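Going line by line, the protein sequences match chains A and G. According to this note's numbering, the stretch in the first sequence is residues 1 to 280, in order. According to this note's numbering, the stretch in the second sequence is residues 1 to 280, in order.
Simulated from the structure, these hints should not be mistaken for lab results. Being a predicted model, the structure only gives us computed values, none of them experimental. Be a bit skeptical, because a hint or two may be false.
Same chains, same label: a pair holds when it works inside one copy or across any pair of copies.
[Claimed, not checked] Result set (DSBU-like, lysine-lysine): computed pairs, CA atoms no more than 35 Å apart in a straight line:
hint: 1; residue 1: K17; residue 2: K209
hint: 2; residue 1: K17; residue 2: K186
hint: 3; residue 1: K17; residue 2: K161
Each chain, written out:
Number of protein chains: 2
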Amino acid sequence: MTIENISSNKVFGGWLKQYTHISTTVNCSMRFAIYLPPQAASQRVPVLYWLSGLTCTDENVMQKSGIQRIAAELGIAIVAPDTSPRGENVADDPDGAYDFGLGAGFYVNATQAPFNTHYQMYDYVVNELPALIEQHFPVSDKRSISGHSMGGHGAITIGLKNPKQYQSVSAFSPICHPIDCPWGQKALTGYLGNDQQTWPEYDSVELMKVTKSTLPMLVDQGSDDNFLAEQLKPETLIEAAKAVNYPLSLRMQQGYDHSYFFISSFIEDHLRFHGKYLLD
Amino acid sequence: MTIENISSNKVFGGWLKQYTHISTTVNCSMRFAIYLPPQAASQRVPVLYWLSGLTCTDENVMQKSGIQRIAAELGIAIVAPDTSPRGENVADDPDGAYDFGLGAGFYVNATQAPFNTHYQMYDYVVNELPALIEQHFPVSDKRSISGHSMGGHGAITIGLKNPKQYQSVSAFSPICHPIDCPWGQKALTGYLGNDQQTWPEYDSVELMKVTKSTLPMLVDQGSDDNFLAEQLKPETLIEAAKAVNYPLSLRMQQGYDHSYFFISSFIEDHLRFHGKYLLD
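Next comes chain A alone, as it looks inside the complex (with noise of 0.2 Å):
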């Protein structure tokens, strides 16, 4: 598994770097980009995995949320992977929409024509990028992992599937129930088909109702989000992490909407979140 470095910024202290590779996994060329804190000079640090949102790519989240300054503190590498395969070749929105296909992966990994192909977006954070970090860059086998609105759904899914692979989860504004809201039934649609029998395993609360996991999970929504209602349903989420006796700690911050200035005002939080489970 070769990569090739295609930027390179020095940021607080450390540096973050944008790769590409040819994935085995969704079969093209994927970009991602890693933040090494300065303590990555010297020794292994942890890994926290960010999954980003309909429409983002791996730039958001370094160029607009100010994670880089906790993470340089505490020491934790940050890896971003795009949202979707791309490139000329990968089956796009037959409209072009923004909330399927390029730039829509969903996180999970498609059985439709002519999406499986390349949307195996799970397989692709859950397995053959943590392989490939871990081969390259000097980190340890710590993992914790977040993510904002689709990546909130995508990180806790994968949070609540693989307890052992990571330590701690945590989610910005997520698609908590995406059986049960239009950006979801469109995406899972288009990705698993019609027989909905095949959903609930991409379903947060689905998931939640029946998790034996007790991985430490951070939750934080806008109250002024435009989503909120129809598409994000955090209340769902929090009856079933109640029914289970989940820890499940979600907070509504009130006045702030789904965007990055809303990430940016509380990433510290959750960095020194997942810091407490992987630097223990």
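Model the placement of chain G on the given structure of chain A, informed by the hints.
What follows is chain G alone, placed relative to chain A:
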């Protein structure tokens, strides 16, 4: 002078807002952004003006620098104007180049047609914008000024020419000596004409040589900045400051480049520097 609010985002407990207004100085609609820290809800706060670099708008510093975090802690408003007049009727570089015309006003008052109709960015930043801000927002009359690259040039020249209007000045990667670098020579020729006698009033080094000001000044420059030797020339500013015993602190930051990743790494230092003078 009326203003129209076009966006609002809660950030670090305060509010980032964008406005448009009809500028009588540059004779077109202008957009600016203001970050009001939480303290502005109950008291007047001082203002740091931020001047952006080539190709930028009011948005870059607000999205990429993380400036709101320390502004919220200290209680300082941040105001970011656009980098040029804009609109269908505003003359641009004949070749559409990034370094002249739209997005490249250089904070001068143009004297040459067709640019003199709208490109009066010096007067806009020094006079019209502060008056507008102080009319419409809960701010005091304490002001400081900072900026990046072309905006660093703007901040230093404006600070040196108006020491009573500002408490302090700072810059990242400023174009220190525009009369002697390609970016500056192109812009000054276009806006001011071939008669170079008019150029030194917009040149930080030339202004430094004759200044009576002792406005505190902090400059950060990345050692790995691609534009360092040809366009920025910080050594010329250091030399001029030494000759007049000016209180300049210019720091070469090893390994950093020209990007907002560099700015984000040191913006806290700049806010605390300005805070010493804005909040005393």
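Taking the hints in turn, this is what the structure says about them:
| no. | hint | in the structure |
| --- | --- | --- |
| 1 | K17 - K209 | neither (39 Å within a copy, 41 Å between copies) |
| 2 | K17 - K186 | both (34 Å within a copy, 34 Å between copies) |
| 3 | K17 - K161 | within (29 Å within a copy, 41 Å between copies) |
Violation of the numbered hints given earlier is confined to hint 1; every other hint is satisfied by the structure.
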